[in-house]
Amino acid sequence: MRPLKGSLAAPTRGQRLRYRLKVALREPTTTIGFLAAALFAYLIVVPIISMLSDAARVQFGDERRIKQDVGELTWYYIERVFTSRVSRDLFWEPLVNTLSVAVGAIALSMLVGGTLAWLLSRTDMFGRRWFSTALIVPYMLPAWTFALAWTTLFKNRTVGGQPGWMESLGFSPPDWLSYGQLPVTIILALHYSPFVILLFGNALRRFDSQLEDSARILGASRLTVARKIIMPLMRPSLISAMVLIFAKCLGEFGVPYVLGLPVNFDVLATSLYQNIASRQVGVGAVLAGSIMLIGIITITIDAKLMKEARRFVTIGSKGSMNRLSPLGIMRLPATGFAVLMFLLSVGLPIATLFLSTIMRVPAQFNLDNFTLEYWIGTDLNTIALQTGILLSPDLWNAAWNSLRIVGVASVTSGILGLLVGYVVVRTPVKPLGTFLRQVTFLPYLVPGIAFAAAYLSLFAVPRGPIPALYGTTLILMLALIADQMPYASRAGIAAMMQLGKDPEEAAQIAGAGWFRRMTSIVIPIQKGSLTTGILLPFISGIKGLSLFVVLAVPSTDVLTTYSLRLVDYHYTQAANAVVLIIAGLAYFGALLGQKLTKTNLAQGLGN
Amino acid sequence: MPKINLRGVEKNYGANAANAVADLDLEIGDGEFMCLLGPSGCGKTTTLRMIAGLEHLTAGEIRVGPRVVDSVVEGVFVPPEKREMGLVFQSYALWPHLTIERNTDFGLRLRNMPKAEREQRVDKVMKTLGIEKYRDRYPSQLSGGQQQRVALARMLAVNPEVLLLDEPLSNLDAALRLEMRAELKRLHNEFKTTIVFVTHDQWEAMTLATTIAVMSEGQLQQVGTPNDIYDRPANRFVAQFVGNPPINIVELGNAKSEISARAGAFLGERYAELREAGSIGIRPESIRLASEAAEVPEGAFSGQAEVTGILPTGGSWIIELTRAGEKLFMTTHQSPEIEVGEAVAYWAKPKALHVFDTKGDRLEAADRLLRPGKMH
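In the order they appear, the protein sequences are chains A and B.
If you're matching positions, the first sequence starts at 3 in the working numbering and goes up one per residue.
If you're matching positions, the second sequence starts at 32 in the working numbering and goes up one per residue.
If you are wondering where the hints come from, they were derived from the structure by calculation, not from laboratory data.
Certain hints may be false.
To be verified - With beta-carbon atoms standing in for the labels, derived distance ranges:
#1 B/GLY60 with A/ASN204: 50 to 60 Å
#2 B/ALA49 with A/GLN212: 34 to 44 Å
#3 B/LYS146 with A/VAL410: 50 to 60 Å
#4 B/GLY175 with A/LEU476: 51 to 61 Å
#5 A/GLY515 with B/GLY161: 30 to 40 Å
#6 B/ASN275 with A/ILE299: 31 to 41 Å
#7 B/GLN365 with A/ARG224: 51 to 61 Å
#8 A/LEU594 with B/ARG217: 51 to 61 Å
C-beta: ideal position from N, C-alpha, C; glycine also.
Please build the complete structure, drawing on both the sequences and the hints.
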């Protein structure tokens, strides 16, 4: 066949546009994309804007003090937070505390987690398989589990209620050991060292020994190899672990709340909480905005560094080899170190909490001091909670709320995430995909407590057709969905990318329309990742505190806020019991997830 | 009547990107086995995907039979699911969650074919491809070759008028590839389907196609039968892309090169019209050896060279000849009775010379002079 000579006339601009529109709108993908974009704009962007505008407008109740009308623009709140006489207490001191806790936690977790990661992935330490799961467990437990365990052990006479074990045994721990910076730093380091174990460990495991060998053959010493070859290639994983821990510390509320309050050790998150609790909406908005800004700066720096680091990501080539270094006589001590870390980060806190719930008086190990009445007793001599925790209707109410709210939110965000992934990967309208990806990522930059503040700002009063949602379970669900979207959409996008176009295109060629392809190809293939996409947010939602503590009211108490309330009432045993229940739910949820999806869910938790 | 007709088809990804496919005009006849051949990135897969409707056009139109399926000017776009074609992907793209049987009858179920008829069709196509014993297995339990057959069966089951194949054999090992090639040829004869086959493997194209379209950098270089493409390459790109070992190219007008000077003199002495030729090509198998200059036949293009390499390839040999730093490669099927280092005379018949102008296009005038007896 000879080619035809004489082509068609070139299409005009209008014709091209019409044709492209036709291609784009042929399938519901784009329409769904636009609907999702509108939904997320409302659930994510609008609350944040509303909150930021609160920071610059006179709030109800402040008219007299500011001498302006409600709603007028003002610098008052910004000045109050950054330059006034109270700015030290409101912002600067909490900022310094936040940063020093974060830096301390990062350094400590790098040291501990880094060592463990290396032991687990590159040496012949005993029981590596078991440890690689066991050492991740701290992250599956809520962070303030550790805080409660710490107070159970180290509480002194600075605060009332039951004394700590140390105090009961006759030692009186000083304040710096019982509360404030030191315990907060240690606890956050223990809680987040799994990030380092996972991210750094994965990078080490993927690291090709041949790269090391080539350098050795060329005459480099072990130290030179470590310095010139291994460290530069490990940098991206270390940076991302550090950034992740920093971002998490920034929004961490529970631990500093439990351990900081007695000595007025405030971090940004607790300062924000106190302002919200005392209805200082304007100041709260400025603080939330600042937390957000720090988050955004951190992520931006991270993105820059990662971009640079990614230039030489060539690891994981086909001939990848992973050789283990023999530890020799250090094999037993190394294993001992891993055991010690497991005991410190899991065994001790859980055991302490559990023992505390079955003892009347702390640290009295006589048989008659042990009792189950805090679990199942009926005649407790207390004012508000007169039955064992398991017999209290409040617990079951809170548990039901937790399951309902978190369950609905997780299922919704899992499905939305897959849908977002689908649209992002498939839509021919590229800007739509970009917008969806970015808007769903936005909550990642906003620590939970600031995000909750944003929701409070938008939904506390009726706006247009939407009634005031504060005090309802709906606001909790919506906030939780929005808060989980970064993880859900990232999982969805990754899953859709991995699926690739081919299976769906094959179905299209075979004659299947859009709906048919969704129901008989895309969703069945993505079943596994959809399950993970629902389960992961569920676990983090069950143990989540910072969103709920701002948005929940007593009638919508969930397990986490309920336990915090019990802490405030000094019902130590009951509070610890509830925390144990949460920890159990989170842990067994994660286990169930691993069984269902046959994957190591712990690795997904790092995302 | 042509089955598929592409006119002025153009594709670019983004306004500033180079055209992936530029101003492509191509007819694919009914029942033809058309190979789109070219190096990776030449636009052949994009062309195939545009025919399937998986990629939309930037300009131009595509017809299948009398029906316009894609036209920017007319604003027509028939989605892939309505084009009634078959496409076998390079990755096979079997649905991992469906058994082989369900993979195969997917398209028939979509068409609401009665159960009995459907089963009969599936049985037949499975038997034809020898996969009936795997019907209850999942794709992950099959080998690459078996998966490949399922991918084919899945498309053949709906009996498409046009079957598109995107490098379907590239993931198979050599023996299996040979077997599947024969199978494809047999299927083409049996089903009389129009086939468009994308490949970068010239050997595959030569053995399978009734027509080959060679592409490079988004441009169609030549369309013709396999013999046409090999014997009368339209330009230097086609000449160099098709053939293994590749064709020897001698640039003309290079005063420093002896081979070049000899070739220039050879053409110039005999055919004054060919003085503006830019280069000549000689296929390795057209070069012969003579132990001394006297044995070279009258009127042949010839020269002296040293044997610098003998590479046995099993049943044939590649011989490297060097003259003043320049190399010529030749092949022979007879055991060469020469040694490395020996001086020899090489020669080729005038009709074995491909003459290209300075832009690299074939000089038609040269064919008339050098190949007087041949029909074009």
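Against the structure, the hints come out as follows:
1. B/GLY60 and A/ASN204 have their C-beta atoms about 55 Å apart, which keeps the hinted 50 to 60 Å range intact.
2. At roughly 38 Å, the beta carbons of B/ALA49 and A/GLN212 sit within the given window of 34 to 44 Å.
3. Taking 50 to 60 Å as the suggested C-beta distance range, the pair B/LYS146 and A/VAL410 does not conform, at roughly 41 Å.
4. The beta-carbon spacing between B/GLY175 and A/LEU476, approximately 52 Å, falls within the hinted interval of 51 to 61 Å.
5. One distance hint, 30 to 40 Å for the beta-carbon pair A/GLY515 and B/GLY161, holds here, with the actual separation near 32 Å.
6. A beta carbon spacing of about 58 Å between B/ASN275 and A/ILE299 contradicts the range 31 to 41 Å that was offered as a hint.
7. A hinted range of 51 to 61 Å holds for the C-beta pair B/GLN365 and A/ARG224, which are about 59 Å apart.
8. Between A/LEU594 and B/ARG217, the C-beta spacing of about 52 Å keeps the proposed range 51 to 61 Å intact.
Hints 3, 6, counting from the list given before, are not met by this structure.
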